[in-house]
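Participant: All chains, full assembly: derive it from the sequences and hints.
2 protein chains.
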Amino acid sequence: MFTNQLALDASAAIRLIETTLAPGADVPLRDAMLYAVQGGKGLRAFLVREGARLHGVGDLAGHAAAAIEAVHAYSLVHDDLPAMDDDDLRRGQPTVHRKWDEATAILTGDALQSLAFELICEPGSGVSDAARANLALTLAQAAGARGMVLGQALDIAAETGPPLDLDAITTLQAGKTGALITWSACAGPRIAGDDISALRAYGDALGLAFQIADDLLDATGDAATVGKAVGKDADAGKATFVSLLGLDGARARAHDLVENACDALTDYGSSADTLKEAARFVIARDK
Amino acid sequence: MFTNQLALDASAAIRLIETTLAPGADVPLRDAMLYAVQGGKGLRAFLVREGARLHGVGDLAGHAAAAIEAVHAYSLVHDDLPAMDDDDLRRGQPTVHRKWDEATAILTGDALQSLAFELICEPGSGVSDAARANLALTLAQAAGARGMVLGQALDIAAETGPPLDLDAITTLQAGKTGALITWSACAGPRIAGDDISALRAYGDALGLAFQIADDLLDATGDAATVGKAVGKDADAGKATFVSLLGLDGARARAHDLVENACDALTDYGSSADTLKEAARFVIARDK
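Listed in order, the protein sequences are those of chains A and B. Quick note: the first sequence uses the numbering used here, first residue 0, plus one each step. Quick note: the second sequence uses the numbering used here, first residue 0, plus one each step.
Simulated from the structure, these hints should not be mistaken for laboratory data. Because the structure is a prediction, the values reported are computed rather than measured. Be aware that a few hints might be false.
Because identical chains share one entry, a pair is satisfied inside a single copy or across any pair of copies.
[To be verified] Cut-off 20 angstroms, straight-line C-alpha distance, at most; resulting in silico cross-link-like pairs (SDA-like, lysine to any residue):
1) Lys237 <-> Leu165
2) Lys98 <-> Ile155
3) Lys98 <-> Ala235
4) Lys98 <-> Pro81
Facilitator: Spelled out as structure tokens, the structure:
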């Protein structure tokens, strides 16, 4: 569902990288940035586009869609570093620090974060001044020290601390995965200057369902299909939704959350069917 | 000159960190962010404030001043990492990865970059929607892959490649140090919606003078006074303005650049005297 949208979703980021950075420089920064933003599922960009379509601003969503994929890509490049999760494989390919080196990976992530704010704030996006400033503000809040970065810090701390309980894992994941997913769902109404509450409820439930599905994939998936190492959580003795709820319990919880996510969209009627399908896909996916 | 402005300059960043991040969490992120943004010279924030004062918007400059110090702090935390410049000492204190660990340093830098965009885009700053979006756009461009991050990537590549010539070093430093300094000088007219050209010329010249002064400090300074390791460039066999121009040549070039910087401010008359003094201080400083 998302994959055929990918070329579209990443296009503004790719175009900005390609047009503003000189090729053939003595540093691999440009190549590494292009490498990092490609090959993902494009879920976050898809949510931006669909939320925007529901609010009549689908044609203004390209920059925000590309921006959220740039932030997501930056977070993966940094999370994969040896000092963090130490992963060799991402989206079926060597991670940036394995293909190039650690310094390149740090700088690539840093530059992708900047790129996201550049994309969002570009006047050429056609989005109003107020909405661009609001999108940048809320993206910074979602990505930063009380959102995604906090989630990753809690995740790393959990590796050496006592196992987390369900509340603590829920808080961790609300930051690590949930904040960007909720931001993506809300970008459309923010561009339109509309109320975000329905899409926020959808995004919050979807984000948590997405993370439970990720834990299920880590517990039961196959590395070749998933495109990254699996079984790492159990090997590390980390508490996850699966270790706390069991396989069946985790599946049931993810299912309930998807129903909650769909219920939040009731007022949009059938025009929200694609977002409902997306929510069901998120817990049915195999990568 | 700058140091007595410091409490003011960093205050918006410190206040935002203190009020939005819960103390006593299980992770050192909040403490590390506060640690990283304090103790600097505050040059960039000072430039923001003075440029804003010249354009009649001095009372609106606090958020932009704090934001640029947050970006600068993020860049130092990442540049000091073992995979980058591998420094143990910064502003006379252990670097973030030495005081905590590498994962904390990576995440602290990431969160400080987000914080900068949050500060800039805060509606509470009193800055117009258009100016907030423009400040965020131009900060992202200055900080990213054709600005500061490119400069750092070129700097790291230079460690293993052939020695750079004067043009290549000038390009490197225009990104690594110059882009943020020029952004700082131009923030005031951007907030006011005025022409930035005079302050851009001032910032470009000042940024290069600043870097030449840094090379001179590395060649001739004392680690205890400077607050970080010195003599690293010569030890590493790196080309610098000092190795290419000699001590006297580098001093003369810095002096000429400061004159250029001051000349660019002619139209402001005596109200720009503080910025002129600052330029002269930059090449006279001992840390």
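Participant: Could you run down the list of hints and mark each one as holding or not?
Facilitator: Hints versus structure:
Proximity of lysine 237 and leucine 165 under a CA criterion of 20 angstroms is satisfied intra-copy only: 12 angstroms inside one chain copy versus 52 angstroms between copies. Proximity of lysine 98 and isoleucine 155 under a CA criterion of 20 angstroms is satisfied inter-copy only: 17 angstroms between copies versus 23 angstroms inside one chain copy. Within a single copy, lysine 98 and alanine 235 get their C-alpha atoms no closer than 25 angstroms, and across copies no closer than 26 angstroms, so neither meets the 20 angstroms cut-off. Taking the shortest alpha-carbon separations for lysine 98 and proline 81, both the intra-copy value of 13 angstroms and the inter-copy value of 19 angstroms come in at or below 20 angstroms.
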